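Use the sequences and the hints to build the structure in full.
Chains as they are written, first to last, in this note's numbering: chain A, 1 to 471; chain B, 1 to 518; chain C, 1 to 313.
Please note: incorrect hints may appear among the correct ones.
[Unchecked claim] Each computed EDC-like pair below joins lysine to aspartate or glutamate, with the alpha-carbon atoms no more than 20 Å apart:
| id | chain 1 | residue 1 | chain 2 | residue 2 |
| --- | --- | --- | --- | --- |
| 1 | B | Lys-260 | B | Asp-272 |
| 2 | A | Lys-4 | B | Asp-249 |
| 3 | B | Lys-253 | A | Glu-7 |
| 4 | B | Lys-467 | B | Asp-502 |
| 5 | A | Lys-461 | B | Asp-272 |
| 6 | C | Lys-97 | C | Asp-46 |
| 7 | A | Lys-30 | C | Asp-82 |
[As the list claims (entries may be wrong)] Which residues of chain A face chain B? A partial, calculated answer using Cβ under 7 Å:
| id | residue |
| --- | --- |
| 8 | Asn-3 |
| 9 | Gln-11 |
| 10 | Ile-13 |
| 11 | Val-15 |
| 12 | Ser-41 |
| 13 | Val-267 |
| 14 | Ala-268 |
| 15 | Leu-271 |
| 16 | Ala-275 |
| 17 | Thr-424 |
[To be verified] A short list of chain C residues far from chain B (calculated; beta carbon distances all over 10 Å):
| id | residue |
| --- | --- |
| 18 | Tyr-48 |
| 19 | Phe-81 |
| 20 | Leu-90 |
| 21 | Leu-122 |
| 22 | Gln-125 |
| 23 | Leu-135 |
| 24 | Lys-154 |
Calculated directly from the structure, the hints in this document are not laboratory data.
Note that the structure is a prediction, hence the values are computed from the model and not measured.
The beta-carbon is built from N, C-alpha and C at its ideal position, and this holds for glycine as well.
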Amino acid sequence: MVNKLFEQELQVINVGLSSFAESIQQTGGKSLQLDWRPPASGNREIGMKLARLINDPRVEAANRTAFEGFLSTQPILTGVDSARNAIPNLGERMLLHAGPPIEWRRMCGPMQGAIVGAILYEGWARDQESARALAAGTEITFAPCHHLGAVGPMSGIISPSMPVWIVKNQDRGNLAFSNLNEGLGKVLRFGANDASVLERLKWMEDVLGPALNAAVRQLGGVELRPIIAQALHMGDECHNRNAAASSQLFKRLTPTLLKTDLPQSDVARVLEFIAGNDHFFLNVSMACCKAMLDAGHGVEGSTLVTAMARNGVEFGIRTSGTGDAWFTAPAPMVDGLFFPGYSPADAAPDLGDSAITETAGIGGFAMGAAPAIVQFVGGTPQDAIAYTREMYHITMGVNGGFTLPPLNFDASPAGIDARKVVDTGIAPVINTGIAHRDAGIGQVGAGITRAPLACFEQAIKKLGTDSQAKY
Amino acid sequence: MTTSQRMIKNLYRDSVSLMQFSEKLRALDGIQQASAVMATENNISLLVEAGLLASAVPPSPNDLLIVVEGKDEASVSAALDQAEAMLKAKAVDAGEDGVRHVPPRSVEMGLDSMPSANFVLISTPGEYAAAEARKALQLGLHVMMFSDNVSMEEEIPLKQYARDHDLLVMGPDCGTAIINGIPLGFANVVRRGDIGVVAASGTGLQQVTSLIDRFGAGITQAIGTGGHDLKSEVGGITMLQGIDALAKDQATKVILLVSKPPSPDVMKNVLDKAAKSKKPVVVEFIGADPKTITAGNLYGVKTLEDAASAAVLLSKGKAVKKFSNALPAKYKTLVKSAQKKLKKEQRYIRGLFSGGTFCYETVLSLSEALGKVYSNTPIKKDEKIPNVWKSLEHTVIDLGDDLFTQGRPHPMIDFRLRNERILQEAEDPETAVILLDVVLGYGSNMDPASELIPAIQHAQKIAAKAKRNLVFVASVCGTDSDPQSLSRQEARLREVGVILTDSNAQAARLAAAIVGAR
Amino acid sequence: MKIRAVSIGEAVPRERFDAVIQSVFDSALNLRLADEEHLIALVISDHYELPQGIRIVTKGLSLRTLTPGLRVATRSGILRFDSSSLSVDLRGASVWKCRVPELGLNMQSHTAQQAWSTTWTLLNQEQRHKNTELLADDLFRPHTGSPLSQRISKPVTSLVTSTDEFNPRGALHAAGQMIGLGPGVTPSGDDILIGFLAGLWSMAGENGHQLAFIRSFGRELIQLAKGTSEISRTYLYHAAQGQFSSSLSHLAEAITTSDCVEEAARAAMRVGHSSGMDAVTGLLIGLCVWNIPSPLYPSPAGRGDGGEGKDYL
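Below, the structure is given as structure tokens:
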């Protein structure tokens, strides 16, 4: 091969002094200057571990397996049931929350507020005061939604009585769950917990959940990929914009809801509730993404990112090859547009499991299809396309099922490779809502943020330590 | 009724669209017949038989031949124009869409922009260089590591990986190389020819390649190995690979090796490999006795200049002469007139070098001629200069030493330190000769003469004030094709009285002759 | 965007190569290798394999954004395109190998002859329906059909006779009159020759005499192929070594096993505009040599006089 080099035109990738790239060109050679900076924030140990993982045949094989598993999922919405019945291993006094593990005292305001609300909703305490005391004690266990196959937006609190969407991956049979979207305004996921919030939750448990379950089961399940694929052609990215997807789901559910033997007033309210919430599909989209990614999880040596989630204090990721481990860093602030009367000073750090959508290759990764989203940060449609294009550089491949009209119907980037994130320093882009830092005030804005590179660096450190190279 | 034809170069359309295309042509006004086929011999004769082609045209099977038959010239030629326009219309515009692109950040991402890349040149800070080299190798690319401060623990596995995968790692600390005629790092623009070089020393490589150019020959490849390659821990992996590659390379007639003497085990392997190459191999292990090397196809030499001369002679099919240590006759009168200018107490040479190998070669040469020579890179331990900032008797300093380059550019680029030292030596009544090297090429200062001349003139004034004369001796390493131009730089230095020789070795001998017996 | 190759043909270098884009079609493009004369093809398809093909299935990919002349290179198993973010990962793709030379098809068997007849009928129907310039039946009826048919019928007949008699010079002379003849990027004459070789390879099995003939005929044919387009030449090159597209191989297999013949024939004919049909024509004609009586020549008396060939119908 050395002799082969002598017969070829020399084409040089130049890492470092740009004058070398220039002199190569001046003497008739071809060179490409890298916009290089030390990977892993200059940490040599991680940098070397990363280097060994690049194009390592064992990692590549593991990633093929993981990526195949992820891409070949057939997520079907199969119904709605109480978390108690639906989610295996959910304890009777267990509350699930968004993001990586966190104990009560360190939780952010909105999450604590939501937990108090959930305790009151379950009837485990009579008032705020005793609910707080209960949460601070040992009687209630907290666990990340992700540990039990679930995902929840914002504080992501799921309690045993709450109804949850059930999504099944027909390919492998794995299940994923998410709570039902409460709408905007004063809602539990932003930490609100007054009587109106609790009443709504109760109604969702008694009426909405069973109604949706009846409708979905009547339909024999709803295939989710086609809905997302179509929504991407209608201006959604299925994280921060779900207008089209929610309409699609509404269209599917309405005729069957009307055929159920539920009281007409209940049906009317259910339909009104769905129609009034452009984010109704978000939780379904998230459960769908969770089902897809879990199918790629647990492949030894794989650098596929299988979860990105935030608890309002920390941002955490998981990779396919590192089992249940979380790699965390402080949750970033979100760059965005604030609703009138609010400013960045009111914002809580990035929160929620909804970044599962980006992990699965929609949301911020499909922003090119949803130019409306960049308005949050004063961007142009070109910026939206640029975000998506950038993400191709850190993904293992594309999802042929999700195509993006403004990108000439190119398939969307999919399957974040932790190696590429660290090697390029390009952090995954995330579209998200912004919660008020205090419980109960709700959403104060929406915008764009990036996953912290430190999470990926820690993951590479672990993956690199596990891998034994010959040289 | 008239027919006409047109050939469209290298155009491929699938058969379906060609069929539809012919039909469209037939539907045009005034057109009876039309056909678009690949211009093969058999198709052409078929068209001639069918009367669609007046006479046979030369076949070109990769091109599309369009023939039309119509009622008159005008409609036929209009149809052909339209046909060509239809075929050449771009199906989809892939052009700019105003979307910003991320510049390539990593080697792997670089491959996305430059898929046929076959080489990575690394000049990052040393602590990150090994990781980048590792990635490049694992992606199947050859590597040159300009970066220094890479440990042997990092270097060895890289080179082993490269060897096992038939890839080249030049360096770490490889300052220069010329691959396929392209100078990399600090390198001169050298004519292409049939001499292949493998060198462990950067300036050594620049000197031999520049002299080969000066002597009218040229090179195939100049492979740098980096300074540690021939240590026994590394085992000369890159040099051995380099010899192998040049031995197999059809374009290379003569091989030239340059290094400080390797450790004995490595030396044996290198010479064994060289002996097996079946090509003449000139070996310059700077400071080693040439007689211990010369045997069969191996030619041991003593200086970099002799190495270049021997390689050029071999390349021209001539016998290699025995090289003499003596100063060539053409310099004798220069020595005489220089000596006349010097006062009695002006007894010492002060060598101020920017190239490490030039310094080393000078120390060797002066020690042989004059005895004790102090240096920061001495041959004997007791000749280490006690204070690098102050010369003592014959002193030769390598200003490229880490000691001097901390926090400032290399002396080949930044002349300030050397210029200050020139003035300092001028003040010393014992200084007779100031001996310099000047290195041209990419990476070096773009006009060294302009940097040096003010300092030389200033030094001459200082000496004149003390009623002394100073002698400046220098050699310029470079070629006329270098961006600085060898002849232009030499002319300007000569104008201010600098005595110039072709090579560094000659400069040392000339300086020694001036301060020697008088 | 990185796409994974689903399968790649046995003749495609997998680890490392340099190439330029030679031509671009809607769902395929050809790459010209730096070191070799032959092309390799990138094909978007759910099923169509080529010995020189890299197959991808990704929907939502427009090859038309790539232009001829663009550089392409594979490093460590990833194929990348200059000035395009597209890359194709070849690692992990299954290797597709054409099985035609292993078939050992026995044309004396009744079922094989029946399969042959079914295919021949389908072929002629399809050609009439599509109104192609060549009609298989016309090849054996002197002075009938389009100018192209008339021109090619003589060499085809002589190709069959010469091959039957193991006369390589005669066969090559005939092939020389067919190379590059007819419409399309792979002219009809070439497609017939490719199919013809597929027929010969299917039957040869371990018959040393026949294999020796096919190999030497193939070698010489590659030389002749300089007279046709680069794309066509590549197919001829592979045909000479017993490597054919999956659709043609499947048809040969189907005739061997008499299984799903119609389906395989329709799939094979669907390739290109007329290329598929021309190749099937060649295949069926190829299957008639070395087998007397054969479907085309039911009695020895029929040999050399193609006019009676239609009697089998």
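Any hints this thing doesn't respect? Which numbers, in order? 4, 5, 12, 13, 14, 15, 16, 19
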